[in-house]
Amino acid sequence: MDFSFTEEQTLLRNSVQKYLADNYSFEHFKKISRTEPGWSKDTWKQFAELGLLAAPLPEAYGGLGGGPVDVMVVMEEFGKALVVEPYAPTVVVGGGFFSRGGTDAQKEEWLNKIAAGETVLAFAFAEPQGRFNYADLTMTAKKSGANYVLNGLKVVVLGAPWADALIVTARTSGGQRDTKGVSVFVVDKKSKGITTRDYPTIDGLHASEVTFENVEVPATNLIGTADDGLKLIEHVTDEAIAAHASEAVGAMKVLLDATVEYSKTRKQFGVPIGKFQVLQHRMVDMFINYEQSSSITYMVTLKLGEGETERKKAASAAKVQIGKAGRFVGQQAVQIHGGMGMTDELNVGHYFKRLTMLDTLYGNVDHHLKRYAELG
Amino acid sequence: MDITYSPDEEKFRAEVKSFLSENLPKLGKTSRRDFETKDDFLGWHRILAKKGWAAPHWPTQYGGTGWNVTQRYIYNEESAKAEAPALLPFGLAMVGPVIYTYGNEEQKKKFLPKILSGEDWWCQGYSEPGAGSDLASLKTKAVREGDHYIVNGQKTWTTLAQFADWIFCLVRTDPNAKQQEGITFLLIDMKTPGITVKPIIVLDGAHEVNEVFFDNVKVPVENRVGEENKGWTYAKFLLVNERSGIAGVARSKKAIERLKEIGRAEMLDGKPLIETDEFSRKIAETEVELAALEFTELRTLARESKGQMAGPESSILKIKGTEIQQRLTELTLEAVGYYAYPYDRYFGDNEYPPGPDYASGQAGHYFNMRKVSIFGGSNEIQRGIIAKAVLGL
Chain G
1 MDFSFTEEQT LLRNSVQKYL ADNYSFEHFK KISRTEPGWS KDTWKQFAEL GLLAAPLPEA
61 YGGLGGGPVD VMVVMEEFGK ALVVEPYAPT VVVGGGFFSR GGTDAQKEEW LNKIAAGETV
121 LAFAFAEPQG RFNYADLTMT AKKSGANYVL NGLKVVVLGA PWADALIVTA RTSGGQRDTK
181 GVSVFVVDKK SKGITTRDYP TIDGLHASEV TFENVEVPAT NLIGTADDGL KLIEHVTDEA
241 IAAHASEAVG AMKVLLDATV EYSKTRKQFG VPIGKFQVLQ HRMVDMFINY EQSSSITYMV
301 TLKLGEGETE RKKAASAAKV QIGKAGRFVG QQAVQIHGGM GMTDELNVGH YFKRLTMLDT
361 LYGNVDHHLK RYAELG
Chain A
1 MDITYSPDEE KFRAEVKSFL SENLPKLGKT SRRDFETKDD FLGWHRILAK KGWAAPHWPT
61 QYGGTGWNVT QRYIYNEESA KAEAPALLPF GLAMVGPVIY TYGNEEQKKK FLPKILSGED
121 WWCQGYSEPG AGSDLASLKT KAVREGDHYI VNGQKTWTTL AQFADWIFCL VRTDPNAKQQ
181 EGITFLLIDM KTPGITVKPI IVLDGAHEVN EVFFDNVKVP VENRVGEENK GWTYAKFLLV
241 NERSGIAGVA RSKKAIERLK EIGRAEMLDG KPLIETDEFS RKIAETEVEL AALEFTELRT
301 LARESKGQMA GPESSILKIK GTEIQQRLTE LTLEAVGYYA YPYDRYFGDN EYPPGPDYAS
361 GQAGHYFNMR KVSIFGGSNE IQRGIIAKAV LGL
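Those protein sequences? They're chains G and A, same order as listed. According to my numbering, the first sequence is numbered sequentially starting from 1. According to my numbering, the second sequence is numbered sequentially starting from 1.
Hints are computed from structural coordinates only; laboratory data are not their basis. Possibly wrong hints are sitting among the right ones.
[Said to hold, decoys possible] Examples of chain A residues toward chain G, derived with CB under 7 Å:
no.	residue
1	Tyr62
2	Pro129
3	Val197
4	Lys198
5	Pro199
6	Ile200
7	Ile201
8	Gly337
9	Tyr343
10	Ala363
11	Arg370
12	Val372
Yeah, the Cβ is synthetic: ideal placement off N, Cα and C, and Gly gets one too.
Generate coordinates for the entire structure from the input sequences, incorporating the hints supplied.
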């Protein structure tokens, strides 16, 4: 049993930490997320130079040959700094789809570009009626000669305003919720027939509503096997769940530390409020929630390579723990900060917002509790 | 013991209902956001003032309706059901009662009619950066100079001060007395030189609260309510009033109705969300808590109608009322799924954010409503009151 990081992983953490400490203050987050286009291309280039984008990708395609633990390290630090650049959509989801489902030619093209910071991807899977079911699709892809023709609407596509290409789920056969008949495509965002409506999200990111009207996509843009995409989607999103779990753990850590610190300095009734036992126990519960979340993030990260059922259970377990803990830690951080916790000026509310939205992303607590139970 | 309504009370309910259905449509709706400008807030207030219903709880000689406790309850219930805008509490529920209870005749004549009509907009100068839960530690000071007080200091979390004509303030007039014995209650004209209002943006992006700075602000002595150094008595009277309105049962009932509508519209695997066990049970749990709270409030009101003042147990209303309100915003946020993401303040007033109407602004509302367990005496303070004053701990 060993939970220690390798020398490379420690170096990776140090370099991310140093970069963010020097370049990604809370003021930077506010500024960058509130000025068009809402992210920084320069930052992305620097991520590439630091090897963050290449870290988990295979060496054969420009990567550094790391894996989920490298992602965990990077995302935890990103969570502490509220990073907005689309690391998870591009490297974890995009990289994941091509690594797991791509043809050699696709890997050659896309993984190299991702590792070098030459492309940004977004994952277009959500539909208004679909909630958290990846197979509940009204978007269709119909084969037509050497092409597929895509029609439909994808909503809240995170990072889409900055993306060069979208990874799109669509129904190629079967009924609206059939598990069979789901396919995944990579689609150039400049393709004819795509219209987007871009907007900021409540937690400082950006997203788009994307409409596809007779968008022609070469059949070579299919990722994985036609009609059999659902397994691939679940596999890749489980990896994304692990990545965002780590991001949430980073955010919780900041909230815990800030709250404990504040309670030592904020005086009411002549004493620091941290002297009140009711708040002490509350902060102990925040600490327990943080530790439990950190543990489950190790668990899911280390189990991503196991069999399908084990992996799915681990991902759903992480989602449940992180969703509940994120809510508790976020709400209590605001409560204990009092009015200050309600302000836009202080960082606390921003971490609370990020944590809250992370509960929704890839399915909330209810969804994953059910999925976990159904897995036996 | 009887929980049915008398024929007279049912007749009263019908009168309220017909007034609401006739007058609410007159408000119109100019944009998807209801409460941005001063007129948005005052529209319904003005209609009620014309009818003589702006301040049902005031004594009739100052413009109250003379309704008994049950009638007021019916009125509130029907107003919430009809989604009538809530009136701002600062004049009508807070300073008004302080003035008619402790003010002199001139003050009553000068201030009460304009509170009633909505002509004067009031804000509350209680909290300070160093005095939140521990309100009595406030430092804003007022020094008597002839027939004026000179006020220096800072108030914070001042709701909607950007629109205010007047602020009622707790100030320290005797720095040597015990904390609660050196405080005075002043009414200050916001146009007085030396007052600066600085916005505080809260985490849903709204400009709801402010910092208010006082730099040698001259306040005539005639604007002091009651006696010098006795302000804490009036402040406490006001806080108890603030607490009794805070349960918000009728509004939470409405919020449950809306949540159910959302639950019927949102789909999960082809079925309305509300038909799933997980979600319907969570709504049911909250409804049960609300049913209990409603009867806790009714029992409190019944005691009040027999002339007993609301006691410290009324802190229950604040604690449970706000917990339920927050739970409902949490469930609503959950219900709208991915459409919680769009930042609704980014979109123009007449532009609709992506997603169904019911989803827009729900995340912001959830974040914004975290304030209710903080303000008006935080829920920790309320529990402390019960521990001390009810349980004798």
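So, going through the hints one by one against the coordinates:
Look at tyrosine 62 of chain A: its Cβ only gets to about 33 Å from chain G, farther than 7 Å, so that hint breaks. Look at proline 129 of chain A: its Cβ only gets to about 9 Å from chain G, farther than 7 Å, so that hint breaks. The beta carbon of valine 197 of chain A comes no nearer than 16 Å to any beta carbon in chain G, farther than 7 Å, and the hint placing it at the interface is violated. A least Cβ separation of about 11 Å between lysine 198 of chain A and chain G goes past the 7 Å threshold, and the interface hint is therefore violated.
With 7 Å as the threshold, the beta carbon of proline 199 of chain A stays out of range of chain G, its nearest partner Cβ sitting at about 10 Å, so the hint is violated. Of the supplied interface hints, the one on isoleucine 200 of chain A holds, with its beta-carbon coming within about 6 Å of a beta-carbon of chain G, less than 7 Å. For isoleucine 201 of chain A, the suggested interface contact is upheld, since its CB lies about 4 Å from the closest CB of chain G, less than 7 Å. The criterion of a C-beta within 7 Å of any C-beta in chain G is met by glycine 337 of chain A, whose closest approach is roughly 5 Å, and the hint holds.
Because the smallest distance between the Cβ of tyrosine 343 of chain A and any Cβ of chain G comes to about 5 Å, under 7 Å, the interface hint for this residue holds. With a cut of 7 Å, the hint placing alanine 363 of chain A at the interface with chain G holds, because the nearest CB-to-CB distance is about 5 Å. For arginine 370 of chain A, the suggested interface contact is upheld, since its CB lies about 5 Å from the closest CB of chain G, less than 7 Å. Hint status for valine 372 of chain A relative to chain G: violated, with the closest Cβ pair at about 10 Å, above 7 Å.
The structure is inconsistent with the numbered hints 1, 2, 3, 4, 5, 12, although it conforms to all the rest.
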